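S.K.: Going down the list, the sequences are from chains A and B.
Under the UniProt record's numbering, the final residue of the first sequence carries the number 1073; numbering is consecutive throughout.
Under the UniProt record's numbering, the final residue of the second sequence carries the number 196; numbering is consecutive throughout.
Worth double-checking, as some hints may not be accurate.
Stated by the list, open to error - For lysine to aspartate or glutamate, the following EDC-like pairs were computed, each having C-alpha atoms within a straight-line distance of at most 20 angstroms:
hint: 1; chain 1: B; residue 1: Lys-92; chain 2: B; residue 2: Glu-126
hint: 2; chain 1: A; residue 1: Lys-277; chain 2: A; residue 2: Asp-239
hint: 3; chain 1: B; residue 1: Lys-50; chain 2: A; residue 2: Glu-641
hint: 4; chain 1: A; residue 1: Lys-634; chain 2: B; residue 2: Glu-60
hint: 5; chain 1: B; residue 1: Lys-50; chain 2: A; residue 2: Glu-809
hint: 6; chain 1: B; residue 1: Lys-50; chain 2: B; residue 2: Glu-154
hint: 7; chain 1: B; residue 1: Lys-21; chain 2: A; residue 2: Glu-812
hint: 8; chain 1: A; residue 1: Lys-711; chain 2: A; residue 2: Glu-809
hint: 9; chain 1: B; residue 1: Lys-162; chain 2: B; residue 2: Glu-126
hint: 10; chain 1: A; residue 1: Lys-277; chain 2: A; residue 2: Glu-292
hint: 11; chain 1: A; residue 1: Lys-664; chain 2: A; residue 2: Asp-637
hint: 12; chain 1: A; residue 1: Lys-568; chain 2: A; residue 2: Asp-601
hint: 13; chain 1: A; residue 1: Lys-664; chain 2: A; residue 2: Glu-641
hint: 14; chain 1: B; residue 1: Lys-50; chain 2: B; residue 2: Asp-22
hint: 15; chain 1: A; residue 1: Lys-723; chain 2: B; residue 2: Glu-60
Unchecked claim - With the C-beta cut set under 7 angstroms, the calculated list includes, among others, these residues of chain A facing chain B:
hint: 16; residue: Leu-139
hint: 17; residue: Gln-639
hint: 18; residue: Asp-643
hint: 19; residue: Arg-646
hint: 20; residue: Trp-680
hint: 21; residue: Gln-681
hint: 22; residue: Gly-682
hint: 23; residue: Gln-755
hint: 24; residue: Ile-759
hint: 25; residue: Ser-760
hint: 26; residue: His-768
hint: 27; residue: Ile-816
hint: 28; residue: Ser-818
Hints listed in this document are in silico derivations from the structure and should not be mistaken for laboratory results.
All values derive from a computational prediction rather than experimental measurement.
Note that beta-carbon positions come from the ideal geometry of N, C-alpha and C, so glycine has one too.
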Amino acid sequence: MATFATCPDLHRHPSTRFAGLAAISFCAKDNVDDELHGVPPATSYIFGQSQFLKSLSHPNLCEYLDVIKGKRDRLFVIQEHYNNSLGLIRSTQESNEKERAPKGLSQIRSWAAQILDALVYLNTHGVASRTLTLSNILLNENGTVKLYNYGLYNMTKGGSLVQFSIGDPHYLSPNTLGQNFTSGLQDYSVDVWSVGVILTEMFLGESFWRKDRLDLDELIGSLFAIRRLSAKSKSWIKDCPESIGVNSVVLSFLQTGSLAHQEGSKESNDDLQDFAKFLRECLGLGDSSSREAVEMRRHNFFKSYDQERGISGSSPEPVPNLWHEKPYIQSSFLTDYEGEVERLRMAISQGKALAEDPETDGQVVKPRDILSRLPLSQVFYLWKLAGGDVEAQFRRNGRLVGTPAIQLLPKVVQIAESMAGGTREERSSVRDIADLFSDTTCLLPLENLEAEILKSIHEPNKDQFSWDTDYFLFSDPDEMNFLQSTMEDHKSKDAGGSIAGGGEDGFLYPDSMRFTPGAPNGSASKLSSGLMASGVLGSAGGMVAGLQPLAQQPTKTRVKVPLSIREKDLGYQYQRLSMFTDLLLQYPASRAEILHHSKIDIPPLLRGKVWAAILGVVGDYQQVYSDYDKYTEKSTDRQIELDVPRCHQYNQLMFSPSGHEKMKRLLKCWVEANDHLVYWQGLDSCCAPFLTLNFNNEALAFSCIQKFLPKYLKDMFLHDNSKVIHEYLAVFRHLLSYHDPELSSHLDHIRFIPQLYAISWFMTLFTHIFPLDKIYHLWDKILVGPSSLPLFVGIAILQQFRQELLRSEFNEAIGIFSESFPEMDIEKCIETALAMCRVTPPSTCWLSYDQESREMRRQLSVGDGSGAGTGAGAGATGVSAAATTVTNGETAQNGSIGTGNGVNASSANKSSEQQQQQQQHQPQQESSRRSRDLELEKRLSGGLGVGLGQRPNGGSIHGGVLHWWEEPLSIETMNAELAPRIHRSDFVRLRQQCLVIDIRPESEFRNGHYPLSIHMVAGQLELLVHILKKLKKNYLVVIAGRGDSGPELLGINGYLRIGVSSISSNNSNDLLL
Amino acid sequence: MRYDNYATTATTNSLVLRFVKDQFDDYRESTIGAAFLTQTICLDDATTVKFEIWDTAGQERYKARSLAPMYYRNANCAVVVYDITQSSSLDKAKSWVKELQRQADPNIVIALAGNKSDLSARRVVETEEAQAYADEAGLLFFETSAKTATNVNELFTSIAKKMPLDMLANPRPRGTGLNARGVDLNRDTKETGCAC
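Just chain A, same shape as in the assembly (with noise of 0.2 angstroms):
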């Protein structure tokens, strides 16, 4: 099943087609007492709880959207809003005498049948409203019931959190007086009572209590005394008094059933004595139980209504369509918008209500007609984008005339002792009037938000937004890309491998839609910006697109747009929203299409579910987390008590009490889940992000971290990770060296070695070191890329502060990690991470935990022997024959390989068939990119082994069996040397670009070498390294003998490091050759 297609996030129901923005505003109590310290302050628990109600849908309720913190801690909560309500019809029918006539009854019977199935929704969500008033329920444009505000009550804590009072008194049930917070919380028949008020008086046109009772003392005087009453006699109505004040014409109707003017109504007797034991019950006050909505809905009354509606018992919610059938990206509506942004301004200036009737001319696009289809959270999240700011909102309506500050300084200035309590008694006395809640909404107007989006659609900005600005597989022609057959191939690996087998992958993937290179690059681009033209929700063409790898031609020249600006842009947004939309709706099936979309940017609103995409989550995710203890104490509770409260706090979801209970329950779920890895500082971090981005749904989150762990962190939680951690870091370091040789040696000289300062980068994903925003932004970039790419990004970080890191000594280089960690251009970071990890050779990176470097091996050396993975992997059969060659042509040729400025051991030679091999090369070339997972990254130590050296076909020699160069170097190995060892795999990619030395003995070298290479003595290597220089080569490998390892070297390297670090680093431009 779709694993995202029941989400309502993603859904926008019809009945919500019109649905406006309002706001109501309001401010938590401060926390004035002492007894509460160590309390969170009330704005964080209302924030934290009312991200729950935004996880609430039913076709009748208005769905909350946001809750925004405004200045000093106002809360703005943020709903969906119709215009016409009970209320509203019921201030007409007092205006206008024709309208007067009551309502017929089963117009109310609709009305209370819709009001209670909404109740039962909320009770069963533990919800209980107190806040129901004929202007809270809203009618939408077909006179479907929409309950408004129910939240309130439940998100502040039965309203112990502000100060003011919930809920209308006149609709209010006897029973809510003197009831305390907490079980007023879930006394859910309290509801039930103003649905008894309200349908009075909607059926009579009269108001429930007399006209004096509008005054608060006398009505609260009238609750009391109907609770007296009630204790008393079974039913209140029956012997109620005149003067208790409830309206005489209500209470005749009450007790007998008919009306004053029956003569003229066409109410049926049954159907009127059906309603008034109907409201008799509602009203009544006895056993609670039974006077909740669900009860209520199963009356009598609604037998008629329900029947016409063929359903029996409460209606069943609706369910959206659980598949979207066809397989590609719906809706290209928006063929011809030829004057219509002049249509629109024009209608805007005259200030008309844009698109208010649905009937009008189908044919014509509407502004309100392109809102109308998106999710109202991404209305909402556009609007914001178009300039909309509801605290603004608010002031400009009038809504926040608050008391001028200064007159709220205290009066009286305290000294400094008695600081403390001084300032806040003074400031709870003066407190400003603005800060009480007011239920006057504000609507938030959407013709802005119409008239940008128009004009987006109109005048895209192809040349501002580039859709083709894919980081990964951008390149440049001089340069090695090893990311680009890496990442295709990944991609179809992790498509096919992940969601039920290959198949899905032929299917998303037929061969003749493949990127190859020598496909036309015309098409794809001209698809691609078609894509832009038509626009917004995609279109076949843009599927099409999406399945093309773009940028297969060198994109230098493209203006790339700062990804900050981009999440700004309104259009930009929308169009991303709308297809990453559709995407999740169809994922599984559309993963693939998500990864390569996703490398681009991913839209802020849809990130959490964007990357469970990413990571693959599928199946009931719900029923796995539902299914883990997460409330059997263990060991690592308090350890966990201990983090929670102090773990990203400065984030408002992250801060509030739900918050934290929230992350207390995940991370004692993920240590029932997995218990071969022990919780360790740090995880908390690592899941954060996760939590944050799916607040309202623990399960995903879960999931999300369930595979996102074993991808990048992989056995760093287990109880010894001492190991894992030290290869981590020493592959850090001979990555270090590679790209910027300089830096590693002025590093390695102060003494400022990795162990001491990136333990918390790595082990939390930078998750410790960075704010949220911007491990937003860093993993959306990790989630796609190779697992190497943390360390990349870890270089990057170091290399933001070259200069500083260059002049400094032991303590001002950690200084400027330690303590609070120094602001860093995130962007930056990424870009040159990337553009790092771009040229360098995948077995360079290897770790022996690794899950892809072990798959990569393990392929490695079945392909190796029989090519038979080839086809598998890369889907392209043709090409394994001759990869096949390629690879043992190649490996023929010789042992192993060290890289960049390194060196490494190896000891096989005896080239064979040279003259063969070359012939190879060029033909080859391509199609063994094409196959190259198979080869891929085996450790570095690996050359190939004498008995490799067979002819092109000469099958398959090892079966799983590791040669000693296949073997994991030892750590010590690994610290000491300098540079990252090779594999024969990404040499042979390399060769046209690289310089190879060899420094094995001269006898070896005649016996057998690789051509061009050129054979040096190792002591000669510091004198010749101008010379080597001035070959501007982009890489240099030295192929030395297996015994060679480690210390012998170690002085070579030394050297190397430092001098040959131009070309090393592969910054220089010319290719010679």
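Given chain A's structure and the hints, the job is docking chain B onto it.
M.R.: Same frame as chain A, but now just chain B:
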């Protein structure tokens, strides 16, 4: 010249923070690996001592034998902290003292600190008991409170005094400046701060 050494946990964190920044924060982010801090104190007109402190991670796991030695290997002094409200924390502290005496520089100055002296109501480790142990093992001993700052500066000052400053003094011209490298091995896994 460098003294290094001084070791701690969650309480250690707060103790170091009090010493270096004169702050106390219940909700400070946890330390992963170790954090490096410095603070300079004046012993007298002629002598200043600069502490370079490795504040080790709070969680016991991070003190795994393979990581911790990196921090205390060259340290001149170590502060081992336990929590007076938890008896197990003193035992752990003892095992750390043992390790330091075995593995670290033989001249290392070790101080034992019983933190959270502000929570006397919840005390389970008696002062006498810890003092007796410290005397026996040849450690400096203080009961401290990071929260109220009690004895924090005293602790570090007396460490500085006990350092063989002559040996450590910088041979270069500016003879008065001394660096002390400390490892803060903190030993108690105790609830940070809250309490009271």
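S.K.: Could you run down the list of hints and mark each one as holding or not?
M.R.: Against the structure, the hints:
1. Lys-92/B - Glu-126/B: 16 angstroms, holds
2. Lys-277/A - Asp-239/A: 15 angstroms, holds
3. Lys-50/B - Glu-641/A: 35 angstroms, violated
4. Lys-634/A - Glu-60/B: The hint holds at about 16 angstroms.
5. Lys-50/B - Glu-809/A: 16 angstroms, holds
6. Lys-50/B - Glu-154/B: 15 angstroms, holds
7. Lys-21/B - Glu-812/A: Since the Cα atoms of Lys-21/B and Glu-812/A sit roughly 18 angstroms apart, the hinted pair holds (cutoff 20 angstroms).
8. Lys-711/A - Glu-809/A: 36 angstroms, violated
9. Lys-162/B - Glu-126/B: Violated, at roughly 25 angstroms.
10. Lys-277/A - Glu-292/A: 16 angstroms, holds
11. Lys-664/A - Asp-637/A: 9 angstroms, holds
12. Lys-568/A - Asp-601/A: 13 angstroms, holds
13. Lys-664/A - Glu-641/A: 7 angstroms, holds
14. Lys-50/B - Asp-22/B: The hint holds at about 16 angstroms.
15. Lys-723/A - Glu-60/B: 17 angstroms, holds
16. Leu-139: 47 angstroms, violated
17. Gln-639: Nearest chain B Cβ about 6 angstroms off; hint holds.
18. Asp-643: Since chain B brings a Cβ to about 5 angstroms from Asp-643/A, closer than 7 angstroms, the hint holds.
19. Arg-646: Hint holds; Arg-646/A Cβ to chain B Cβ min 5 angstroms, cut 7 angstroms.
20. Trp-680: For Trp-680/A, the interface hint holds, since the closest Cβ of chain B sits about 6 angstroms away, which is under 7 angstroms.
21. Gln-681: Holds, because the Cβ-Cβ distance from Gln-681/A to chain B comes to roughly 4 angstroms (cut-off 7 angstroms).
22. Gly-682: 5 angstroms, holds
23. Gln-755: The hint holds - Gln-755/A has a Cβ within 7 angstroms of chain B, the shortest such distance being about 6 angstroms.
24. Ile-759: With a minimum Cβ separation of about 4 angstroms from chain B (threshold 7 angstroms), the hint on Ile-759/A holds.
25. Ser-760: 4 angstroms, holds
26. His-768: 5 angstroms, holds
27. Ile-816: The hint is violated - Ile-816/A has no Cβ within 7 angstroms of chain B, the shortest such distance being about 10 angstroms.
28. Ser-818: Holds, about 4 angstroms.
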